[in-house]
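**Student:** Letter by letter, the chains look like this.
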Amino acid sequence: MTAPTEKPAPNRREFLALSGATAGAASLGMAAWGQNFVEVDVDAITNTDFATDVLVIGGGMAGLFAAVKAHDAGASTMIVSKGRLGSSGLTPFGKGFFVFDTDVETDTIDDFVDTVSRSALGTSNPAYTRQMAEHSMARAADLREWGYFDQTLSNRPFMKPIEDRDIPLLERVHVTHLIKEDGKIAGAAGFRNDAEETVTIRAKSVILCTGAGGFKPNGFPLGDLTHDGTIMAYEIGAKVTGKEWNDGHMTRSDNPAACYDGWGDMFERVPSTNGVEVHHDLGVDLNYTAYMTGNPVAGGPGAQPSDGDTIEVEGGPQTPEEFQRDFGAPGGDGEGGGPSSGEGGAPGAPPPGFEPSANVGGASAGMAIHKSEGLVPFDDRCASNIAGLYAAGDALGSHMSGGIYTQVGSSLTGSAVQGAIAGEAAAEYAETADTPVIQDVRISEIVDEILAPLRLDAGYGPAWVTQTLQGIMIPNFVLYIKKASMMTAALAYVEELRDHHVPMLRAANMHELRLAHETRNMILSAEMKMRASLMRTESRGSHYRLDYPDMDDVNWRAWINIYQGTDGSMQLEKQPFDTWPT
Amino acid sequence: MKFSAQTYAILSALAVFVGLPLLFYALGDAPRRTLLKEGISLITLLAFTMMLGQFFLARSNETLLSLFKPLQIQKVHKVIAYSAITIIFVHPVLIVLPRYFEGGIKPWDAFVTLITDFGNPGIVLGLIAWVVMVVLGVTVFFRRKLIPHFKLKYRGWRYFHGGLAVAFTVLALWHSIALGRHTDLAMSVFFIILAILGFAMLAHMYWGVRSPKPKPVSKGATS
Amino acid sequence: MTIKSINGCIGCQECVKSCPCDVIRMEHGKAVIAYPADCQICHLCRMYCPVDAIEMSPEKSIPVIVPWG
Ligand SMILES: Cc1cc2nc3c(=O)[nH]c(=O)nc-3n(C[C@H](O)[C@H](O)[C@H](O)COP(=O)(O)OP(=O)(O)OC[C@H]3O[C@@H](n4cnc5c(N)ncnc54)[C@H](O)[C@@H]3O)c2cc1C
Ligand code: HEM
Ligand code: HEM
Ligand code: SF4
Ligand code: SF4
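Note that the protein sequences, when read in sequence, are chains A, B and C. Quick note: the first sequence uses this note's numbering, first residue 1, plus one each step. Quick note: the second sequence uses this note's numbering, first residue 583, plus one each step. Quick note: the third sequence uses this note's numbering, first residue 806, plus one each step.
A hint or two may mislead.
[Said to hold, decoys possible] Listed below are the simulated DSBU-like cross-link pairs for lysine-lysine, each with C-alpha atoms no more than 30 Å apart in a straight line:
#1 K160(A) x K822(C)
#2 K657(B) x K865(C)
#3 K688(B) x K160(A)
If you are wondering where the hints come from, they were derived from the structure by calculation, not from laboratory data.
Work out the full structure: start from the sequences and follow the hints.
**Tutor:** As C-alpha cells, then:
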C-alpha cells in the first residue's frame, strides 16, 4: 500500500462541492484513475471494540441458526453482518425449503444420499448431504415457529429468536479481517457503513456465514457478496475449495440486470417447503449452445419451443442419462434443458412468470454451485483448519450438493442445518478456549489496512476496476466454456489487477471504502477461479473445458483445495473424493 | 338571475375544489402506480381539499350567504365535512392497504411502523392533526349535548369549532406538504392559498367590521 | 435507472437498512438514492417500505456486462 498522506485539508468544503458536481459522472462507475476527493476526516475515524465468546459473521439463513444455536448451547454470542438480518446475501430470495419428511418419502435417506451422489458425479460429500436431510425437518419446525413461512420478507421472523434471546446484532458493519493469534482465531475487524468508525470484535470462536460471492454480475441478487469471508479466511491460512464450479444462471436479454423482473414473482413469494426431487441442473449447457451457435439463445425455462428448426449442438457438457429432462426448449434432446427454477423455488417448474424471451448467460458470474465453494471442512461439524474458525452455509465448501445443483431447495436447508451445527460446535470450542489477547499494535495495523483506500491522494476508482474485472472474467469463453489459452490470458490480466490496482484502490467515503474492499476480494476470487479451473483438466458437472471435454475418473475423483503458501503465493492441491483433509 | 348565479357558484366551487387538485395531480411528476394506489391518493387529496372547502361553506362566506339559505349551506357543509373526515380518518390505513394484495411487508407491520415513526415531524403533525380532527368530529356530532354541558352559547361553540378547524388545517397542511407524494410545489401553493383565504374569511367574520346579520333561522340547526 | 425515485417518504430508514448494496442513504430526514450504480434491482427496499414510496425501473444506470447475448 502506498504511504498514508495528508489529505488536502484546506479546501474541504470546495472539494465537497466539487465531488457533488461530479457525482453524476462518478456514479456511472466510469471514473478510472483520478484524484481522491476524500469526504471524511480519516484521522477522526474512531474504533469501537467488542468482545464475545462466539462471533457469527453474516446475517443470512446460516448466520441466523449459528447465532441461535451457539447462544442456546450457552455461549455469549454476537452477530455482525454487512447487511440486515434476513435482508442481505442470497437468503431473501430463496423460497423453497427442502425437507426430508420420513412420513412422506418412500425412499430412505441412504437412497437419497446415493441419488445426489450419482447426479453430482461423485463430487458431493455424503456426510453433509445426509446431515442436511436428517436435520431438515427440525430446522423447518424452528422457522415455522418464528413465522418464516408466513410472509415474504425474512427480517421480522429472523429477528424473533434474536430478540427473544437478546443476542447482540451489529448490522451494516462490513468485516474485512479475521484476526488470528497463536495459531487460533481471535476475532474480526471491519468498519461501519453509516458512521466513520471501525469495529474490532475479540472472540474465542468465529463462524463465517458470509455466503458466497461473485463479480457483481447482472441478473442475480448477488451484488453484496464478493466472497469476503473466503478471502479473509484464506489470508489467515484457511483452505478454500470448489472454485472451478460454475453456477450457470441466466437472465433475460432485455434489461439483463433486472433480477426482480427476471425472476417473475419469485421475490414476492412466501417461502414454503418441498420434498425430494433430485436434478442435475444449472450446468453450462446453454452457455455451450450460445458458444457454438451464436447469441442470444432462445430457450431455457419458460421459453416457447421454437418453430421446429431447433439447432442440434454436438458435444458440450453432459447430463447423466438418469437426470436428463426435456424443457421442450430448443437445443433440447439430451442437451437437457437449461436452468430450472433456480435451485427450486418452484419444484419441477421453470421460474414462475419467467417470460419466454431470449436469454443471456452469466447472471451469477463468479459464483459456484451453492455449498460447493468456500472453506474446506475438516470434519462433519463445519470446522476449518484454523482452531476456532468455523464456516456454514454458502461460505463452507461442504460439497453438500456437489459441483452441480441436485436436490431442489436444499441450499436454504443446508445453510440452516450447517448454521445450527456450526453454532453448537463453536460454542463447545469456546467453552474451553482462552480469551484471546490481541496486541494494540496489531489492532492499529489492521485499522490502517482497513482505512488505506481513504488515505490515498489519487488512485483507481473501485467501480471502474470492478467493471474491468467483469470484462475480463465474465465472457462466455473465459468463465464458462473454458480452455487453457484463454484462462492463462485472463489470469495475466487478473494478476495485473492484483499487483498494480489493488494497492491503489481509492475511496472517498464509507460506501466507496466498502466497494474498494469488495473489489479486492473479487480480484483474489478471480485468481482462485482461474487457477482451479486450469488445474482441473477434465469436464465434470458445472466445470466444462473445451480442451478436456471428458470426465477423467482416473485422475480427477478429487476436489481442489487452495491455500496461501509461505511466500504468499496461491497453492493448489488435490483432495480425493470421500476423504477428509488432514 | 338568481338561479344561474347559484349554478355558477356551484360550478366554480367544483372547478376549484375538485378540478384544480385533479389538474395539479395530473401535471405532477410523481410516478403513476396501480389503479388502487392512485385511487387512494386521489381520494385523500380530494378529501383534504373538501376539508379546506368547508371554510367556504360556512357563514363566513358572505357571497354564498347571499346566494343560498344558511340551512342549505349548513346541510351541505355537514355532509361534505363528515365524508371528508371519514376518508381522512382511515387515511393512514388506506396507505398500507394495497400491501395486502402484494408481496412485501405485511400491512399491519407497515401500519405500526408508520404510526410509530415519531422521529419524523411530518408523521407527528399528521397524528396530532388526526386527533384534532377526531375531536372536531366528535364535538360536532354531540354538539347539542355538549353546548349546554359546557354552558356554551351557540356562538361560543361556533368559535370553538372554527378554532379547531383552523388548528387542524394548519397541522394537516404542514403534514401533507412534508410527506405527500403528490403535494409538490403547485399542489402545496394551492393548498396554502385555499387555507389562507379560508382563515381570512373567518377572521374577517370574527374580528372584522361586523355587518348587521340576520339571526339564524333555527338555533343549532337540525341534525 | 434502477431504483428510480422516492416519493412520500416518512424517513423510517427501513429501505436504508434493507438494501443489501448500500444504495440508499438518509438526507434531511428523507431517503435518497445515493449510489444508483450499485443497485441490483432486487426490490427489497420497495418491499420493505411501509408507505410504498419507492419506484423501480428495470433499467440499470451503468452499462451491463454479460457474457453473451
Ligand atoms: C434468486 C435466488 C433463488 C434461490 N432459490 C432458492 C430456493 O428456492 N431454495 C433454496 O434452497 N435455495 C435457494 N437459493 C439459494 C439460497 O438462498 C442460498 O443458498 C442461501 O440463502 C444461503 O444462505 P447463507 O446464510 O449461507 O448465505 P447468505 O444468505 O448469502 O448470507 C450471507 C450473509 O453474510 C453477510 N456478509 C457477507 N460478507 C460480509 C462481510 N464482509 N462482513 C459482514 N457480513 C458479510 C451478508 O450481509 C449476508 O447477511 C436461491 C438464491 C437466489 C439468489
Ligand atoms: C373538516 C372539518 C370541518 C371544518 C374545516 C369546518 C369548518 C367550519 C367553519 C370554518 C365554520 C364557521 C365557524 C363559524 O361559523 O363561526 C363552521 C361552522 C359550522 N360547522 Fe363546521 N367544519 C368542519 C366539520 C363540520 C362537521 C362534520 C359538522 C357537522 C355537523 C359541522 C357543523 C358546523 C356547523 C353547524 C357550523 C355552524 C354554521 C352556522 O352556524 O352557520 N362542521 N365549520
Ligand atoms: C387529519 C389528519 C390528516 C390529513 C388531513 C392528512 C392529509 C394528507 C394529505 C393531503 C397527504 C398528501 C397525499 C399526497 O400528496 O398524495 C398526506 C400524505 C400522507 N399522510 Fe396524511 N393526513 C392526515 C393524517 C395522517 C396520519 C395520522 C398519518 C399516519 C401516521 C398520515 C400519513 C401520511 C403519509 C405517510 C403520507 C405520505 C404518503 C403519500 O403521499 O402517499 N397522515 N396526508
Ligand atoms: S432494489 Fe435492491 S439493491 Fe436496489 S436500492 Fe433497492 S434494495 Fe438496494
Ligand atoms: S422505507 Fe420508505 S418511508 Fe422509510 S425511509 Fe425508505 S423510502 Fe422513506
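**Student:** Does each hint hold? Answer for all of them.
**Tutor:** So, going through the hints one by one against the coordinates:
1. K160(A) x K822(C): holds, 17 Å
2. K657(B) x K865(C): It is violated: about 55 Å lies between the C-alpha atoms, which goes past 30 Å.
3. K688(B) x K160(A): Given pair K688(B), K160(A) holds - Cα atoms ~16 Å apart, limit 30 Å.
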